[in-house]
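Kindly produce the complete structure, drawing on both the sequences and the hints.
Letter by letter, the chains look like this.
Protein chains: 4
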Amino acid sequence: MAISDHIAANAEKLAAQYGCTARTTEEIIADPQIDAVLIATSTDTHSELIEAATAAGKAVLCEKPVDLSLERARSCKTNIAVYGLPVMIGFNRRFDPNFSALKTALDAGEIGKAELLSITSFDPAPPPVAYIKVSGGLFRDMMIHDFDMANFIMGEAPMSIMAAGSSSVDPEIGAAGDVDTADVTMTYADGRICVIKNSRRAVYGYDQRVELLGSEGLLQAQNTLENTVVKSTTAGVTGAKPTYFFLERYMPAHAAEWAAIVDAINNGTTLPVSLDDGVAVLAIAEAATLSAKTGRPVLLADV
Amino acid sequence: MAISDHIAANAEKLAAQYGCTARTTEEIIADPQIDAVLIATSTDTHSELIEAATAAGKAVLCEKPVDLSLERARSCKTNIAVYGLPVMIGFNRRFDPNFSALKTALDAGEIGKAELLSITSFDPAPPPVAYIKVSGGLFRDMMIHDFDMANFIMGEAPMSIMAAGSSSVDPEIGAAGDVDTADVTMTYADGRICVIKNSRRAVYGYDQRVELLGSEGLLQAQNTLENTVVKSTTAGVTGAKPTYFFLERYMPAHAAEWAAIVDAINNGTTLPVSLDDGVAVLAIAEAATLSAKTGRPVLLADV
Amino acid sequence: MAISDHIAANAEKLAAQYGCTARTTEEIIADPQIDAVLIATSTDTHSELIEAATAAGKAVLCEKPVDLSLERARSCKTNIAVYGLPVMIGFNRRFDPNFSALKTALDAGEIGKAELLSITSFDPAPPPVAYIKVSGGLFRDMMIHDFDMANFIMGEAPMSIMAAGSSSVDPEIGAAGDVDTADVTMTYADGRICVIKNSRRAVYGYDQRVELLGSEGLLQAQNTLENTVVKSTTAGVTGAKPTYFFLERYMPAHAAEWAAIVDAINNGTTLPVSLDDGVAVLAIAEAATLSAKTGRPVLLADV
Amino acid sequence: MAISDHIAANAEKLAAQYGCTARTTEEIIADPQIDAVLIATSTDTHSELIEAATAAGKAVLCEKPVDLSLERARSCKTNIAVYGLPVMIGFNRRFDPNFSALKTALDAGEIGKAELLSITSFDPAPPPVAYIKVSGGLFRDMMIHDFDMANFIMGEAPMSIMAAGSSSVDPEIGAAGDVDTADVTMTYADGRICVIKNSRRAVYGYDQRVELLGSEGLLQAQNTLENTVVKSTTAGVTGAKPTYFFLERYMPAHAAEWAAIVDAINNGTTLPVSLDDGVAVLAIAEAATLSAKTGRPVLLADV
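Line by line, the protein sequences are chains A, B, C and D.
Using this note's numbering, the letters of the first sequence map in sequence onto residues 1149 to 1451.
Using this note's numbering, the letters of the second sequence map in sequence onto residues 1149 to 1451.
Using this note's numbering, the letters of the third sequence map in sequence onto residues 1149 to 1451.
Using this note's numbering, the letters of the fourth sequence map in sequence onto residues 1149 to 1451.
Keep in mind that the hints were calculated from the coordinates and are not lab data.
Computed from a predicted model, the values in this text were never measured in an experiment.
Certain hints may be false.
One copy or two, it doesn't matter: identical chains are merged, so the pair holds either way.
No more than 20 Å apart at the CA atoms, straight line, and that leaves these computed lysine to any residue pairs for SDA-like [as the list claims (entries may be wrong)]:
#1 K1281 / T1191
#2 K1261 / G1322
#3 K1441 / T1335
#4 K1261 / P1319
#5 K1225 / A1383
#6 K1281 / S1190
#7 K1225 / V1427
#8 K1281 / Q1370
#9 K1441 / V1230
#10 K1261 / A1273
#11 K1261 / T1381
#12 K1261 / T1382
#13 K1441 / D1179
#14 K1441 / M1307
#15 K1441 / G1339
#16 K1441 / S1308
#17 K1441 / A1229
#18 K1441 / L1218
#19 K1161 / V1351
#20 K1212 / L1233
#21 K1161 / E1196
#22 K1261 / E1320
As structure tokens, this is what we get:
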């Protein structure tokens, strides 16, 4: 096992912690003993590293998004097709035990046919505006997780995307050309509807909920909480806040994600999220970004 | 006190139950002893009856909507302006103790500045298609309540309305030119966003929730339940369903609504909902209907 | 309909409000036109009034307890047996929709065989010590409701009663010879166990919960809340408090209780709570009072 | 690191899994390189192993109970006092994040002065009767955890213990001289009261709740759930069951417990649970066992 980091000291520290070696990216990719790589670098290096790793015969788990450019993500997909290797994009939320239990219940027919999906996804606090400027915008950077969740639950991509957004949280974000509060409505060929709400700021913590109305019922995956203590006083009945942010909320999801790609590499099981999924959500993010700018619905087929 | 019903037997029965007399509508309006009338007739008679009652010096509580025609509702408003009498439209949900507590908390600054409002409003079962055909459509007939809730909470009308709808519940409803599942996104001049979701069918009961994200927190008004019993078995932990439909859910709201107009008549207090409010939501419903048909956002100023 | 009150002005006021007449107790009992009386006087007059009313051929709904003296309550029962008239004691909680739903679920076998019952019953604030002194003590005055709830759910009286109590809320209550915080454990002939917890003070409101473990599950009847609004802020997730006290919590129960005795009088249906039930709980209260004083379990058969 | 197991194959398997060696207990205790031992053997060997390990200069984490014999536990305490080494008894529940958050809130004065504590502790299913027979009985084997929880929250031992029990779950357990359903009421010198409820069977899972009424409010630590999904259908609103048993529920507690003793050994921090705590709860268990047999309250000072 080996670790590379463009800040050598960080690589050394992690290597010591996990009992492995710190090496350059080039060395890692060139080493035939290494079967798989995890790419958690800045987004602009993802496509290139995916291509280099697969060309060297390695399986890949790459953090989202594949690329900020839909065109480049598509060319990456084309370029690596020949290798037929497992390439998984890190849509960790599919592995959240709550969301996956909801999906399992849906697939088991527990609420009949899906009709109306709602995804609420609020961060506890906005990132620095400097980050916003290189992020590709809320739809590519943040809501992309929710687009993947919609694809995961609905089982296919939407037909049409309508986005509304504003910079209610911080006008600086608006000045940087982005939004921090947004709502996207997606319609599907068979009439299903999906609504996604995003905010860069929910002061009470990471708000991550999914709700699905079906012909025979409703499924809701609610927030996980810091603890189960409830206090009743003259001021009301108060429980704990949601687990603060993604590290706390999605720790079990990350463990399950990791187990899935290890299983795929070792036992040839199907990858639960592929590079194709990563490219598909980029197209939706592109459509949403365009819709928010023009104030018009955008057909997915047009991007 | 007197009751009129175009089916005389019904009027007689109610009159007996409440110890009053059954009379014709004309007699009631002509009676100078009667100070106020409640109009709960079919929608196409609302405007005319409001005009006749106010011309006869009576205060009015009229069930929604004012009219299916926005133009007619506007002319009704013009026609009765001269009388200066209390005319309240029956938007009962403003009087629901849960929604009004949410509004009170917002106005008290408990979550800072409003940013993103979500209204979920599902009926337990669709009405007959025959009713759908004369209803004016989902946006004028059903979502009109939610438009009023949005106006109530946001304190002003939206700028732009985008609607998506389908007939997922019953294709007959689609064949009748209406939708039964719909999502409307409204944006406000200052960047606030409101999302309304409607379905004609939630098999578990009347689902009536409001959720508002603000700069300093989140407010949620949740469903009322049939009872508080929770059963834990090998099958899971099961609680009661939401109160079944509007009669059960909004009984306290109707009582509070009634008290409000009586108070306005007797003591000259301000009407919490006026005919103007009734006309305002019709304009939003008109915009939503147009948006759903064209697939384009509609500016409220354009209807 | 007629009303009597030893403060004449109060009787006059109520009579005006409900459109009836204010009369003396003697006049009411002597009036052959009156079929039934509601006795809501001070406890020391209950037995005598029940006897007088039934002797005059009237049905009775009398507030609990029948008497502070178990002996007197038993003689009342003996004295009126000859008349065979409906005499109901006001154990309103049996009519609470939540507790009655729990009982219905139990009787329907939804959690198998009952094994362990827990009743939590806290008042929001203690009454004046002057009231405590004439109340008969916590077990006869307050926990008597919970003894009746236990009898209602378990379907029979316990075999043995063990009580523990203290005056944690107010040492003045202890000085008056009573307790304000208490726990009673009752065991049944077949091994079932019931635990009742009382406190004269729960600053967050009226806490009225029942929980029953059975061989196939658990039933819980939880508190009703002032409203369904939940607020999430940096301080936590806060919901409404329980409805404040018995007037708010048990309003629907009182209406159902009233309907039950009217039905029994008019249609001869079985009384859901009888004088026998009122005498039975007095015996349990007597046993609990004795147990708390001696620190020893008391057999119900011994009181 | 080394592992001993009286079934050699098990020790070998664990040793391989964790990269250490399988050795005899004697070898481990004799090895001066080993600083601390975890004793998770059958109860009858605990005292002897604690004594041997501390005599050899090792710190100890020993699973509860110290011994089934209170006398032997006390002699163990005396025998090891001279070594002054950290000896922690495995009362894992003190480390549960929910119970420790409740304790922290109490200590911070959030509900004023403690008055009435309730502990609910139900296992999902009873152990084999063969186990029951050597377990020392429910009070020493199962409720001992709850006695420790009471000591943890109340900050001192109770004065008096009254127990009631039955074999409602399985008459075989009764035939073996034990109970499977029990309630214990403990009173404290200052008037506080604690109620503990145990059942060997809650078919819906591991039910582990603590509730504390104080002069200024109520604290409740509720169950953790398998997931946060809620399903609403015509059958009701159903959520997930509690996490199934102690392995699932107390995994984070075990990790925190382990971290605490490691910290005590490495940094000399105070042990959060000591051998003294383990002896103290045995005395309470002894009193409860006696009380259940005699039907009388037992003073802790008398055992």
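> Can you list which hints this structure breaks, lowest number first?
Replying inline: Failing hints, ascending: 5, 8, 9, 13, 17, 19, 21.
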